[in-house]
Structure formats: structure tokens, C-alpha cells
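As you go down the protein sequences, you meet chains S and P in turn. Count along the first sequence from 1, then add 203; that gives the number in my numbering. Count along the second sequence from 1, then add 18; that gives the number in my numbering.
Hints were generated in silico from the structure; no laboratory data involved. What you were told as hints is all true, and nothing was included just to trick you.
A few chain P residues that don't get close to chain S, going by computed Cβ distances all over 12 angstroms:
| id | residue |
| --- | --- |
| 1 | Gly73 |
| 2 | Glu96 |
| 3 | Arg97 |
| 4 | Asp98 |
| 5 | Gly99 |
| 6 | Thr101 |
| 7 | Thr103 |
| 8 | Pro124 |
| 9 | Ala139 |
| 10 | Gln150 |
| 11 | Gly151 |
| 12 | Gly152 |
| 13 | Thr158 |
| 14 | Arg160 |
| 15 | Ala162 |
Residues of chain P clear of chain S, computed beta-carbon distances all greater than 10 angstroms:
| id | residue |
| --- | --- |
| 16 | Pro77 |
| 17 | Val79 |
| 18 | Asp100 |
| 19 | Arg161 |
One side only, chain S facing chain P, incomplete, derived with CB under 10 angstroms:
| id | residue |
| --- | --- |
| 20 | Met204 |
| 21 | Asp208 |
| 22 | Phe210 |
| 23 | Glu216 |
| 24 | Val217 |
| 25 | Leu236 |
| 26 | Leu239 |
| 27 | Gln240 |
| 28 | Glu267 |
| 29 | Pro288 |
| 30 | Asp297 |
| 31 | Ala299 |
| 32 | Trp311 |
Every residue, glycine too, gets a C-beta built ideally from N, C-alpha and C.
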Amino acid sequence: MIPTDHFVRFYNEVFKALEARGHDHLVAYWRALGTLQTTELAESFRTGGLQAAFDYWSRIRDEENCEADLELTDDYLEFRMHRCPSLSKVLDNDAAPSPFYCDHCMGWIEPVMEACGLYAVLDMESRSEPHCVFRVYADKAKAEAFERQAALPSRPYADAKE
Amino acid sequence: MRYQETGQVHMDFHRTTNGTIAYLREAYGQEFLDEVFERTACDVYRSIRDSLMLGDPEPLVEHWRHFFDREGGDYTIERDGDTITMTVHRCPAIAYLESRGIEIDPAFCRQTVVVNNALAAGTPFTIPTEVQGGGRCVQTIRRAKP
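Let's have the full structure, built from the sequences with the hints guiding it.
What follows is the structure, encoded as C-alpha cells:
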């Protein structure tokens, strides 16, 4: 059994193996994970909106041992990650990190958002430091405005088409 | 031990592992899936493999104990001379997936079989895994005959 604690290091190996076959293989895998997560989450987010998303990421913050601040406003949910446990483990690893590691988050989140009518923006800030800012909006225009301010927005599907 | 996580355990990663195994097996075949597990064994678990190379199986036993305990697995470890046997009575990963009603991919236990084989390759040990079904298996660290 690969322990749950080591899932992300296994995940990182999957990313590198797929990337070696071409970036579109990696993007297709993220899309498949998004479909898996859509089954789990989309109905809850669709009916519960930002509050349901806030409840989900509150649980994730605790279960995954994130050092993060979580805030719910009238406009958005913000997850401000100070120390990402996922990237931290991938960096604390005898195997090399995938250069696209951080993109997996939006890779699975974007299909969920498409299915539930919310809009997510992830400012990765850095691909080699474990901090980022993630927001979910109900209003697309407000999400786009936040994305324009982002230092390093994650756009795994848009970037794959370019 | 190279990795020794503490804090909460996010059991739902077993669901993502199961989904990943199903995806890789269906899209690319079992050989590709096994290659990823072999890389995980040789690169992520390099320190365990290095110890096995030097004839020391204890870091692997410590790894088994630490993570099966963290996930609430039901297992026993017995020693008979150079042979160390871990009998898993209830795999925590399988138990979690079953508790969620998730269909378990037929290749799910390849993660254990292939990782053990890859850890042992080129070392003085063999680590066969006997998958018995229902979340039960027997993993044996055995010094290979010269």
C-alpha cells in the first residue's frame, strides 16, 4: 500500500511519466481527475454555492495539514496558502519534482467549477515555493478581474491549447 | 526513516489513487502503470532501497509499521530467522474504499506487489506479495538464496 501520506509523491511520478509522453497526456489525466472530483463535489457546490465550497476547503485544510487562511466574503472564497503540504512533500522528496506540479490543482478544480457554475482563479505565485492564493467567485467578471492581478495564474487547459 | 509524516490523515487520497490506477490501466495498459510504481519504489523510496542493498530490511519494516498504524490497519509482523512476514488482515486502503462504496480497480493491489518487487530488485532480498482478496495479503521479506 502506498500510504495516503505519500500519495502526492506517487502523483508526482505519474505527472512526470505522462509528461514524458507529451504535455497533452498530462492535461488529459487532470481532466479525468476533474471528472472524478465532479462526481464527488459538483452537486454540493451547485446547490450550496460559495458556502459549500468554503465548507469543503475548510475540511481539506484540516485533513491535509495545510497552513492556510480561509475567508468567505460576499463575493468570493479565498484560500490563502502559506505552506502547501502537497508541494512541500514533493520538494522534500528523493525524486525530482514535476515542473507542472502546481497546475494539477486547477487541473482538477476547473472541471468541477465548469459543472457547478462557479469560477476559480489560482495565483500560484511560484512553482517552487509552497504558497499560493486561490479564490472561487460566483461572478465570472470578478473572477477575471482577480486573474488579471495574479502574478502567476494557473491556466492548465488554456495554456495547453496555446 | 526518510519520510515520517504526522498530523491528520487524509484517507480520501486512496480514492484518487484508485481512480489514477484505473485511468492509467485503461488508457495506457498495466505495463505503464507498473513502470510508474517502479519509479516510485526506486526514486521516492530510494532510502529504503539503499538500506535493502546494504542488507538492512529494518527501514522497510519501520515504514510498514508507521503508516499502517497511522491509517488504522489491522496487521501482524512476525520474524523467523532472516524472514520477516507482514500479514495484513485488513488493508486500510481497501477498507476505506469499501466504506465509501467505491468500486476497487482490479489492479489496485499492483501498488503493493510492484513496489515490493522493485524495492527488492538487485538487493539481497526478495519481497513477494500474496494478494488474498478482501483487503488481506501477506508480504514477506526473505533473504535470497546465494
